[in-house]
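*Asks:* So the chains spell out like this:
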Amino acid sequence: MNLNRANSFQLDWVTVIIFAALVVFGYFNILSASSVGEFTSYFDIAKPYGKQLVFIVSSLILILLILSVDAKFYERFASIIYLCSLVSLIGLFLAGKQINGATSWYDLGGMTLQPSEFAKFATALALAKYISDLQTNIRDQKDQIRAAIVVGLPALLILLQNDAGSTLVFLSLIFVFYREGIPQYYIIFGVFVALLGIATLKFSAGLVCAVLAVILLIYQLFFKRKKKKFKGILTILIFSIGISCSIQWAFNNVLQNHQQDRIGLWLRLEKNPEKLQAMKRNISYNLNESEKAIRSGGVFGKGFMDGTRTRGKFVPEQHTDYIFSTIGEEWGFIGSSIVIVLFVLLILRILHLAEQQKSQFSRVYGYSVASILFVHFMINIGMVMGLIPTIGIPLPFFSYGGSGLWAFTILVFIFLKLDSNRLNEW
Amino acid sequence: MRKVLLFGLVILTGICFIGRLFYLQIYTADAYSISNDNAIRKVFHYPKRGYIYDRNDSLLVANQPSYDVMVIPREVEPLDTILFCSLLKIDKATFFKSYKRAKNYSPRLPSPFLRHLSKEDYAFLSEKLRKFKGFYIQKRSVRDYQTSIGANVLGYIAEANTKEITKDSYYRLGDLIGKQGVEISYEKTLRGVKGVKYIQKNIYNRDIGAYKDGVFDTLPVPGKDIKITIDSELQAYGELLMQNKIGGIVAIEPSTGEILSLVSAPSYNPNVLVGRQRSKNYTKLYLDTIHRPLIDKGLTRMHVPGSPFKLLVALTALQEQAIDTKTNIICSGKYIYGKKRRVMQCHCGGGFRNLNSGISYSCNSYFAMAFRTTIENTPNASESMDNWSNHIKSFGLGDFLGNDLSVGKKGNIPDGNYYNKWYPDFQWGATTIISNAIGQGEILVTPIQLANMTAAIANKGYYYTPHIIKSIEGQTINPNFSTPKQTSISPEHFDAVIEGMHNVYTKGTASFLKVPGIEICGKTGTAENFTKIDGVRQQLTDHSIFVAFAPKDDPKIAIAILVENGYYGSRWAGRIASLMIEKHLKGEVTLKRMERLVIEKSLEDEYLKPYSGEPFEINEQ
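Protein sequence lines correspond, in order, to chains A and B. Counted from 1, the first sequence has number 369 at position 369 by our numbering; the numbering is strictly sequential. One gets our numbering by counting positions in the second sequence from 1 and adding 1000 to each.
Accuracy of the hints is not assured; some may be wrong.
[To be verified] The calculated DSS-like cross-link candidates involving lysine-lysine, where the alpha carbons are at most 27 Å apart (straight line), are:
id, chain 1, residue 1, chain 2, residue 2
1, A, K292, B, K1103
2, B, K1042, B, K1131
3, A, K313, B, K1532
4, B, K1393, B, K1163
5, B, K1163, B, K1410
6, A, K275, A, K142
7, A, K292, B, K1532
8, B, K1393, B, K1552
9, B, K1532, B, K1409
10, A, K313, B, K1042
11, A, K72, B, K1003
12, B, K1197, B, K1163
13, B, K1556, A, K275
14, B, K1163, B, K1139
15, A, K51, B, K1212
16, A, K51, A, K72
17, B, K1194, B, K1042
18, B, K1197, A, K313
19, A, K47, A, K313
20, A, K358, B, K1003
21, B, K1003, A, K142
22, B, K1410, A, K292
23, B, K1212, A, K292
24, B, K1410, B, K1188
25, A, K51, A, K313
26, B, K1133, A, K313
27, A, K280, B, K1103
28, B, K1212, A, K47
FYI, nobody ran anything at the bench for these hints, they're computed from the structure. Quick caveat, the model's predicted, so the values are computed rather than measured.
Let the sequences and hints guide you as you build the complete structure.
*Replies:* See below:
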């Protein structure tokens, strides 16, 4: 019993320290990005930096709460939490508040709550619960579909609220499926479609299909002598043409204009350099400014609170989605690299811990946490530095926002609680 | 495989991001500096430009405010052009022309729209200016000349051109920079250092406060006042005497090398290059190709020295022991030399000539002999010529003087090599180049070099580099200017030459130019000169040249005068020398008749002759 008690508080301090470092550093960057010319007091809750301080303090309380609850609670109540989350998402259609075109917020008189942030850990719990169920065999197609519905339901609700960025996060759970044993060709198929899609948009569907046909024909003629396989090849070809054309069609008809523009700019569909510059300035104004800010940081950065582009508010949304540009400008190559390394270490550490879990529930949940963090990290920083098309999702622990910070705190600390309890699992 | 996929992707993403950061922040980024950050507005504060005083502390150049209308094309909103034009007193065409030019330069940056508003226009406009968005008034400081003389010495300031801006990054478009005279040679001293304030802009281009609370801001450092060596009274008098003539006067104080006056004629009133008419006036001055008022003739007009050069020929001959003070010849009115028995005419009147009378009557034969003996002193003419050339150059001839004046010319003192190239397959000798003996051959000098040579003779063997700076507020001047430069002639040889120069006044070629009570030593000169008109080489009336110093025993002034096409040396240059010396030493002029004669004399007809297209006579009385 004594041993158990000791173990039950065996927190993984490495994760906690990295978490704390990111949150604290995040706070200072929000302070820098939002205090220009209007700084009153650190505790002024009318200002983002003041509110963020409140969020951080309340996160500490949340952490204590999470750690004090028995680890079994999360497994037992996973379905309930998931259902509550779904209800809160559905509720948005009745009482949601629209901000920046997305109906993702509840207005709670002075402060807003974004249920889609909380849906992430709820879905992760539900998925872990479902996969770890003794009756579930993820290699079975039926169970695969059921698991996909668990993930797809909240994703669909969020997509309907016009928050495409957050929807993408749920796609990251494919890593969990893969880890738990869905067939390899799912992934290969996914990558193939993605590459085909990019090639189609960049070079047009006709050209891509023609090239594909030639490649397959050569393959057929020189490497496979068996006539039997010809049908298979033909199927792949027809299938690819189908995908290619439907992607082209979807791009033109399903995506909204600004999404088309962002992807078009990313793929450099505009060849004329002058027009390209004009597009950069107009369509991806934020990205352009954020790149400029990062670029001007140089090796060592301009120093805390001394970023001229941050202080001049040249980068819109800088304290939320574009917070990394503040880091880039004020802390330079060295500071930004440290942040990236910290994120990588945090995700790897969580993955490592997840692999060590003895219960499948904890492992799947841990894997989900790592996947969700990874996708946020990759999309947000990739977007701010112009590596991927603009997709508006926050940078965990850094971006200003209570829902986000709380949701990520809960996400990480539930896992740490599960992890601290792993010796008791048997 | 299933376990490592996400591991691998996370690490790969991390590496990609750091690579991208490296690309953005190190590989392609320009070194960051606040001066090229467009989130920072730089506001410059121009310090007061230093005043210029003359040697007697009278203020020559001060400053005055000037108002420029500036425009930022991007911020301009539709306006009442008729009202605006009438306020500025311009027509609509000018308005659109200026606006287009500003827009072409940059729609974002301010550029000058109309310069130099008068104070009244400024008052009217500033009342109504708020109606015209995008326009504002920039106050500048421009020069205010307290005098109408010395334009060539004082120079002028104007906006720095692109060449000057690329050369020195201190300057920005619209900054003023010295363009001539002491304004250019003491530019850095006079201008001071402008102060800069870095102001944080926000995305709407509004100022939101000092960048980093102003730690990088600098205060302007005021320009230093300078005192120049010019005696403005003497300068003014020199300019008066030189009116309607082309030429230059350079007067130096031998004991210091200070330039007492530096007259270039014709000159212009420095005030015409200030204000709204500036560019019109400048063009007019620039296009006057006959008088070239913008050229400082005292510093840059190269000409053959004529007879004053005989002084150096004599000194060199004495130093090389080719002659001594008792060597004499009998001049028959010509000097016959060479196998072909060529003849050099002499106008000294003929007779018994030694060093003293050779100088005072400017005997060509005597100096032809002295030069020839010097060169034939050694068997190798080229070596002798090198040696001779070095003696001459030790007087500051044939090279820049290393002074603090913005312009200058080297002149030319030939040496052995020079003639070896000239006559590649001909054994030249002293007689080949005998015209150097009387200062007519290949030798070229500028008036300031002649003045410096005279100062060196007055000092009996050394000179101070002529300079224009007397003192700088709180700063020492170049120590080079107070270091004597020795010539290669021993001091004992000078007495005889000086005695000869004195006799030029007492009984020689300038005997009618005596100034009562002042012992002057001088030397007349008449320089032949040629020009090309429609490709034909034509001889023009000789230049009138004169060098002198006074008083004989304690030289206070050494002076060289060039009056272009003024005929023989004592005719105009000599008269001007006497008047200048009297003015400087006595403070007033008693030779009133001579003064009137000089002032009233105009050589304009002489200068226009070659351009009349008709045949003309030269050297008319």
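*Asks:* Hints numbered earlier in the text: which of these fail when held up against the supplied structure?
*Replies:* Checked against the structure, the hints that fail are numbers 3, 4, 6, 7, 13, 16, 22, while the rest are satisfied.
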